[in-house]
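Protein chains: 2
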Amino acid sequence: MADKVLIYSRFPKTMMARFAERFELLDTGGKPALEVFSADELGGIRAMLTAGGSPLGADTMDLFPKLGAIVCYGTGYDGVDLTAAAARNIAVGHSPGANAASVADIAMTLMLATTRRILVADQYVRSGDWAGSKQSPMMRPQAGMPGRRIGVYGMGEIGRKIAARCAAFESEVGYFSRSKYDLPYQYFPTLEALADWCSVLMIAVRAGAETQHVVNADILGRLGEHGYVVNISRGSVIDERALVAALSDKTIAGAGLDVYEREPHAPDALTELPNVVFAPHIGGHTLESHVAMQNCVLANLTAFFAGEPLPYRVKSA
Amino acid sequence: MADKVLIYSRFPKTMMARFAERFELLDTGGKPALEVFSADELGGIRAMLTAGGSPLGADTMDLFPKLGAIVCYGTGYDGVDLTAAAARNIAVGHSPGANAASVADIAMTLMLATTRRILVADQYVRSGDWAGSKQSPMMRPQAGMPGRRIGVYGMGEIGRKIAARCAAFESEVGYFSRSKYDLPYQYFPTLEALADWCSVLMIAVRAGAETQHVVNADILGRLGEHGYVVNISRGSVIDERALVAALSDKTIAGAGLDVYEREPHAPDALTELPNVVFAPHIGGHTLESHVAMQNCVLANLTAFFAGEPLPYRVKSA
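Line order of the protein sequences matches chains A and B. Read in order, the letters of the first sequence are residues 1 to 317 in the numbering used here. Read in order, the letters of the second sequence are residues 1 to 317 in the numbering used here.
Rather than coming from a laboratory, the hints here were simulated on the basis of the structure.
When chains are identical, the list treats them as one kind, so a pair holds in a single copy or across two.
For lysine-lysine, the following BS3-like pairs were computed, each having C-alpha atoms within a straight-line distance of at most 25 Å:
hint	residue 1	residue 2
1	Lys13	Lys134
2	Lys315	Lys180
3	Lys250	Lys134
4	Lys31	Lys4
Predicted, not measured: the structure shown is a model, and the values here were computed from it.
Chain A on its own, in the form it takes in the complex (with noise of 0.2 Å):
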């Protein structure tokens, strides 16, 4: 009989196809377990697999009196209570580094559209403005990427990632993170020394609780009127209502978001917004990204099933 393995979060179909051809799947599609399986069913669960930003804590694992394993499909591991796992045992896994390049290019995409203002110049084409040669005052010429400064906000396989890209573009990088490394990119120690001197900001921090809000009205200040903001990581480390502001007001003059506070919901004042390109947290959502993932995914819950270690095990778990 093949192990059980619960899904707590709600993933298309084609996603777990991998998975279905292993193990047998419990899929919530997101709702609460309690409402899709019975005390009993839940009971003898031994793993589940979440997206990492999903809010699961000890109320949720107390639930599951044998879990022993929470594999996160992708990288972040944010939504999981790691101190109440390690408490009870439980073994968290991830995927560190699959969806890195997936996400970087996410953010080199939101930037280059942002600052370039692809969708105004697309919209210009299509509806006939540029034939029609009507003035735009958004297509004016921009700072281009040679020379710009882009200060990149955590340096982990992601933020190497977007810095190296970066570099390629002739933009000089800086960046700031907890620790300095041995990198061609110029050391901030602190975020608002790094948002002083950048032009765009793109966040690839590692999320969680000391990250809450500490892109705040200071630090979109700090950036300025020219400045844009490129958020890959989590919609929480950006406090969006600060955000709106923002960019309502002109104190910076665009962002490119792939994530938010309360995601699926973007805020309708954000939404309006004209200087700003939205995608549904795409980032690591290609092709290699997802085979990559999935290949952590089985990796540790075979692991798991076996009475091994998680090959891909949540570090500070």
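Fit chain B to the supplied structure of chain A, relying on the hints for placement.
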């Protein structure tokens, strides 16, 4: 008295401001010169400023018996009949490389926006479809950049910058151009071979009679159903009818276009398509790029009126 310069193409006044400080500008606004100025006024013109893509043949040159210099704003000079200019002892100048980074960056922007479907993504968030969990077939995972085969057609300054940027995205880069260079990219001896190999064709070739419609139905067919074409060179390089057909019947997956056969007109059959990202010929349209191009224009005009050779002279002219 300031030297007179005829403005042959339609340019925004802001782009001419630095020239107006040094020269007396006779601005046609892009209209036939004789509609705006008397034959007598035109008879005294020794230098003109043009957009490289504007048709400028022998008949036009003969309206200006004293014409000694045609200065193109930008890198291109495909509209200028170089043979006719040489026969009349008219020097032709341009701004080589001044906009190369800016144009390469719009190529990258269009490629990323098209392959990651950023227009669809943005609309999916703005419309509330994401919040409503509506399915969107266009949002299915697509191939990303790592390992992607990018074919660069033309290896001048812009092509090289595109290639270097793509390499930083962990893509494989191949190219076709008249010459094979000592570059770390795979060389293909024909455009057909490059199209067979790559999934994204980046058109960065210098336009001219010999490149007219070389990207035709056959080349597009070789890119295949997962293939993309990005054009930042000139509209004339692509057979636009064949492109509309290939995009409509899904012979290829999508396109990113900054240039068109009859600018500023993009055909309705093209602009109705959802799998294309359009820009209104803004490749060189960044602040730094304009400053660099204007520097070349000023250097060319200053040298010409001082009786010296143009420092940025078109080589074949």
